[in-house]
Amino acid sequence: MADVTFDRVSKVFPGGTVAVDDLSLTVGDGEFLILVGPSGCGKSTALRMVAGLERISSGEIRIGDRRINDVQPRDRDIAMVFQNYALYPHMTVAKNLAFGMRQHKTPHEEVQRRVKEISEMLGLQDLLARRPGQLSGGQRQRVAMGRALVREPAAFLLDEPLSNLDAKLRVQMRAELKKLHHRLNITTIYVTHDQVEAMTLGDRIAVMSAGKLLQVGVPQDVYDRPDNLFVAGFIGSPPMNLLAGTAAGGVITAGDLVFARAGVRDGEVVVGARPEVLRLVSEDDPGPGFGVSVEVVEPLGDEVLVHGWVQARDAGVRIEVEEATLLASDGDRGAPVTVRLAPQVRPKPGETVHIAVSADDLHVFDAASGAAIR
Amino acid sequence: MSATTLNPAAYVDPRTLPGEVGMVESPRKRWLPFNIWHLVLFPMALIMVVPLLWVLVSSLETLNQTRHFPPILWPGTFQWSNYPNAFNAAPFGRYFINTTIVTVTVVASNLLLCALAAYAFARIDFWGKKVLYFLLLATLMVPLQVVLVPTFLIVKDLHMLDSLAALIVPNLANVFGIFMLTQFFRTLPIELEEAARIDGAGRLKILFTIVLPLSGPALATLGVIQFLWTWNDFLWPLIVIQTPTNFTIQLGLMNFQSAHATDTNLLMAANVMSTIPMLVLFIAAQRWFIRGIATQGLKG
Amino acid sequence: MQISAGRAAVAAADEAKHRRRGDKGRRPGDSLAGWLFVLPSVVLIVIFGLVPIVWGFVLSLQKASLISPDRPFVGIDNYTKIAHDPLAIQAAQHAVTYTFLFVPISMGLAMFVAIALNRKVALIRTYRLAVFIPVAVSTIATGVMFLWLFDKTFGLANFVLEKAGLGPFGWFDSVKGALPSVVIMTVWGWLGFDAIVYLAALQGIPAQLVEAAAVDGAGRWSTFRNVTLPLLGPASLLLMVWSTISAIQLFDEVFFVTKGGPVNATSVPVFYIFKLAFTSSYGFGMAGYAAALAYLLFVVIMLVTLFQFWAGGKMVHYSA
Chain A
79 MADVTFDRVS KVFPGGTVAV DDLSLTVGDG EFLILVGPSG CGKSTALRMV
129 AGLERISSGE IRIGDRRIND VQPRDRDIAM VFQNYALYPH MTVAKNLAFG
179 MRQHKTPHEE VQRRVKEISE MLGLQDLLAR RPGQLSGGQR QRVAMGRALV
229 REPAAFLLDE PLSNLDAKLR VQMRAELKKL HHRLNITTIY VTHDQVEAMT
279 LGDRIAVMSA GKLLQVGVPQ DVYDRPDNLF VAGFIGSPPM NLLAGTAAGG
329 VITAGDLVFA RAGVRDGEVV VGARPEVLRL VSEDDPGPGF GVSVEVVEPL
379 GDEVLVHGWV QARDAGVRIE VEEATLLASD GDRGAPVTVR LAPQVRPKPG
429 ETVHIAVSAD DLHVFDAASG AAIR
Chain B
5 MSATTLNPAA YVDPRTLPGE VGMVESPRKR WLPFNIWHLV LFPMALIMVV
55 PLLWVLVSSL ETLNQTRHFP PILWPGTFQW SNYPNAFNAA PFGRYFINTT
105 IVTVTVVASN LLLCALAAYA FARIDFWGKK VLYFLLLATL MVPLQVVLVP
155 TFLIVKDLHM LDSLAALIVP NLANVFGIFM LTQFFRTLPI ELEEAARIDG
205 AGRLKILFTI VLPLSGPALA TLGVIQFLWT WNDFLWPLIV IQTPTNFTIQ
255 LGLMNFQSAH ATDTNLLMAA NVMSTIPMLV LFIAAQRWFI RGIATQGLKG
Chain C
30 MQISAGRAAV AAADEAKHRR RGDKGRRPGD SLAGWLFVLP SVVLIVIFGL
80 VPIVWGFVLS LQKASLISPD RPFVGIDNYT KIAHDPLAIQ AAQHAVTYTF
130 LFVPISMGLA MFVAIALNRK VALIRTYRLA VFIPVAVSTI ATGVMFLWLF
180 DKTFGLANFV LEKAGLGPFG WFDSVKGALP SVVIMTVWGW LGFDAIVYLA
230 ALQGIPAQLV EAAAVDGAGR WSTFRNVTLP LLGPASLLLM VWSTISAIQL
280 FDEVFFVTKG GPVNATSVPV FYIFKLAFTS SYGFGMAGYA AALAYLLFVV
330 IMLVTLFQFW AGGKMVHYSA
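Chains as they are written, first to last, in the working numbering: chain A, 79 to 452; chain B, 5 to 304; chain C, 30 to 349.
Be aware that one or more of the hints could be misleading.
Derived DSS-like pairs: lysine-lysine, alpha-carbon spacing no greater than 25 Å straight-line [as the list claims (entries may be wrong)]:
hint: 1; chain 1: B; residue 1: Lys160; chain 2: C; residue 2: Lys343
hint: 2; chain 1: A; residue 1: Lys256; chain 2: A; residue 2: Lys194
hint: 3; chain 1: B; residue 1: Lys160; chain 2: C; residue 2: Lys92
hint: 4; chain 1: A; residue 1: Lys257; chain 2: A; residue 2: Lys194
hint: 5; chain 1: C; residue 1: Lys205; chain 2: C; residue 2: Lys181
hint: 6; chain 1: C; residue 1: Lys181; chain 2: C; residue 2: Lys92
hint: 7; chain 1: C; residue 1: Lys110; chain 2: C; residue 2: Lys92
hint: 8; chain 1: A; residue 1: Lys173; chain 2: A; residue 2: Lys183
hint: 9; chain 1: A; residue 1: Lys173; chain 2: C; residue 2: Lys181
No lab work stands behind these hints: they were computed from the structure.
Make the full structure from the sequences, and use the hints.
Encoded structure:
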């Protein structure tokens with residue numbers, strides 16, 4: 079049981095690729111920290127450096143007070159769950175679970191006891207004599223977790239462990255993971271590209287992109303107060319609406335949306351508004367707002383998602399993030415917008431509606447650096 | 005209007021980057037300026053290659069130099085004349101031509117006949133197919149020496165003895181090739197062939213215009229493996245060929261050894277000449293050789 | 030070159046698996062088409078494959094020679110003769126010795142070599158090529174090469190040994206050393222083949238598995254013993270079957286290099302069979318006896334192969 083500290087850690091691969099850039103982060107003792115970001119952002123590499131599977135190019139990683147840069151994986155007191163589980167195919171489940179302990183020369187009775195305990199905790203008691211090839215995906219995943227937990231490590235590392243499961247199983251396992259963590263309270267670092275997983279599982283989430291740590295915080299804080307455009311667009315589903323605008327003398331203009339904000343230098347900015355803070359109002363509403371031509375209406379049962387385009391054509395913003403182009407401005411049509419509404423209100427496709435939003439709910443970002451202006 | 009772009013640098017999944025395959029990159033410090041495995045790999049490679057190099061060196065020495073102890077590892081001048089001398093001391097030209105004719109014919113024939121048969125096994129349901137398949141399987145299990153004498157007698161009765169035909173005809177279709185291609189054809193998506201059938205193409209046309217073009221790798225692999233076997237074959241030619249003008253290179257080399265056992269430099273030159281063609285082919289087509297051997301081992 | 034029974038067995042299993050696929054019921058004209066496609070190959074294989082197999086057995090029941098068509102039946106006399114034939118027994122002993130030397134040495138070395146070759150250092154392609162290339166060299170060329178290498182007076186091998194302080198060896202000329210020398214020569218020729226198979230198998234082991242073992246606490250040796258070695262099981266079994274069959278059927282090197290000597294020290298079964306049938310060293314009309322020996326050898330090979338598959342099958346676990 080210990081905390082894990084990244085102290086200005088970088089990883090440069092031969093050939094010059096910078097996978098992790100000056101990462102500094104402390105995972106508290108017993109904390110469940112999630113490293114989240116798009117594919118290729120460096121989160122897996124950071125995790126593997128903690129495990130000892132990648133050499134650290136510069137900086138220091140500490141477990142507790144111990145600097146572990148040059149320590150072999152086996153001596154680091156960590157355990158890992160791999161994305162593809164990496165179960166030993168020729169060994170039974172029982173042998174898979176016991177393998178790590180045998181390597182550390184744990185006495186036989188202790189091995190038996192812990193295997194029994196963990197298999198009961200994870201519901202694997204009846205599967206102990208089977209081989210991984212005879213198990214379902216969900217069962218294999220639990221064996222992989224069991225193999226890691228049975229060693230009672232100081233730090234528990236998980237590399238996208240749920241991404242190979244089907245949706246329903248994934249939701250189930252998320253809940254089980256959360257329960258396990260409450261029960262065992264092991265320091266956990268969990269890597270995922272799924273921001274929903276990140277928001278629901280983590281005590282804190284750390285958003286990474288292109289090797290850099292962009293923001294760390296309690297999920298709700300990161301959601302409510304993103305530090306930059308990337309985090310704003312990445313966290314939250316459906317993603318935050320972004321409009322290009324200009325700031326002049328404390329007044330921000332983005333298309334038809336005009337509002338006042340103190341402390342903003344003149345220049346180009348990006349205005350962000352989450353789908354749920356936008357309200358459908360009548361045309362003559364006095365507050366800040368803008369017109370939207372509705373394209374698609376998605377009734378989800380408990381809410382309605384309205385997708386459309388901002389009428390003011392020049393409000394479009396283009397943001398590209400690895401796998402998803404978050405928002406694209408279609409030259410002709412301006413900025414896309416998504417509004418989350420109560421199910422009773424339902425505009426029709428083709429309609430033009432008027433959207434209002436309170437200035438306090440709006441985020442302002444500097445267009446050049448992407449940093450939030452507060 | 006400005007476009008704000010946040011584009012992560014081009015990034016590669018670290019797990020796909022070059023590194024020690026199957027070994028963990030340990031966080032130990034490096035003691036040497038180069039990877040420590042070179043200390044193992046280099047001697048190992050050297051031991052494998054030294055016999056060949058030694059033959060090469062000896063082939064460029066004079067007879068007296070070869071008869072020198074300790075052995076002369078580097079002759080001052082190269083005796084290139086050993087090569088034409090060896091070439092003329094025995095009808096090597098003839099041997100090469102014979103071997104080439106036999107090998108090329110056998111390889112071409114195998115590719116064609118095995119493809120035909122394999123296609124039938126893979127895609128056509130015909131009466132007696134299963135029985136035939138297992139019968140062919142059975143022939144694979146019988147070792148060569150069992151059929152040696154009978155096959156000799158058959159060849160003799162067909163009046164092919166002591167001719168290149170004796171080397172070619174029995175090997176025109178190899179069961180191994182049939183099985184290899186059958187397994188391969190089965191992996192091809194059948195939809196392509198079905199579409200062609202609907203379009204009215206006959207089976208033969210489908211084989212030649214659709215299946216074979218897709219089978220490049222398998223045919224290349226079969227081709228080089230068959231080439232290697234045929235070129236290096238010894239026992240069968242030994243039995244059926246008697247006249248030196250019909251010798252293959254292997255027989256020719258054997259003869260040369262008996263005739264010139266003490267002319268070491270000439271003998272080595274002859275050895276080099278005999279081996280170079282296959283070495284060159286191997287280096288040029290190593291991908292196919294390795295593939296052929298590896299898949300045999302992995303799939304049985 | 031012989032294909033192992035192992036290959037035949039796997040082909041049979043593959044056939045059973047695929048029997049239903051791709052054959053959507055027989056259409057009219059299919060049988061004709063099918064037979065036309067296989068006919069050329071089948072005719073050739075029947076004439077030069079199946080007929081000889083049967084005829085070989087018939088021959089084994091006759092007293093036959095290659096020249097005269099007169100082949101009187103002698104029943105199983107040929108077979109009973111084998112038990113009292115000291116040359117046959119001696120050949121069998123040599124085959125056993127050779128096999129027990131050749132198979133473990135070539136496989137063990139090949140595994141080590143493959144592990145060394147399974148990394149991405151500079152020049153790895155060159156190293157691999159150097160190890161694989163002997164596969165392309167014919168048995169005769171190898172024989173010429175090693176005769177010279179092992180030459181007692183002028184050979185490189187004795188030169189190196191004397192430098193190392195070990196006495197000059199007789200190699201192929203020594204009664205005790207001839208068979209081991211043949212082992213060295215054939216291991217050199219076959220190492221590349223085995224190494225290719227092992228290298229492919231090693232590359233099939235997922236890197237994450239090795240990483241998991243490292244995280245679990247396994248050191249290099251423990252990882253090898255508990256992860257790598259078991260996963261190489263299938264490849265090892267196949268190589269063992271293949272190598273054993275090749276070893277039992279050793280011929281080219283013995284015929285060309287040692288001629289069975291010195292003093293029959295390297296006589297092996299196929300060499301004996303060859304001399305009986307195709308030379309007059311043991312008299313005329315021995316082709317029938319040779320055929321009987323050949324068939325007996327066939328049965329022995331089959332039994333050994335079956336045993337290896339059975340025993341190996343118990344120890345080897347195929348990963349899903």
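> For which of the previously enumerated hints does the structure constitute a violation, in increasing order of number?
Replying inline: 1, 6, 9
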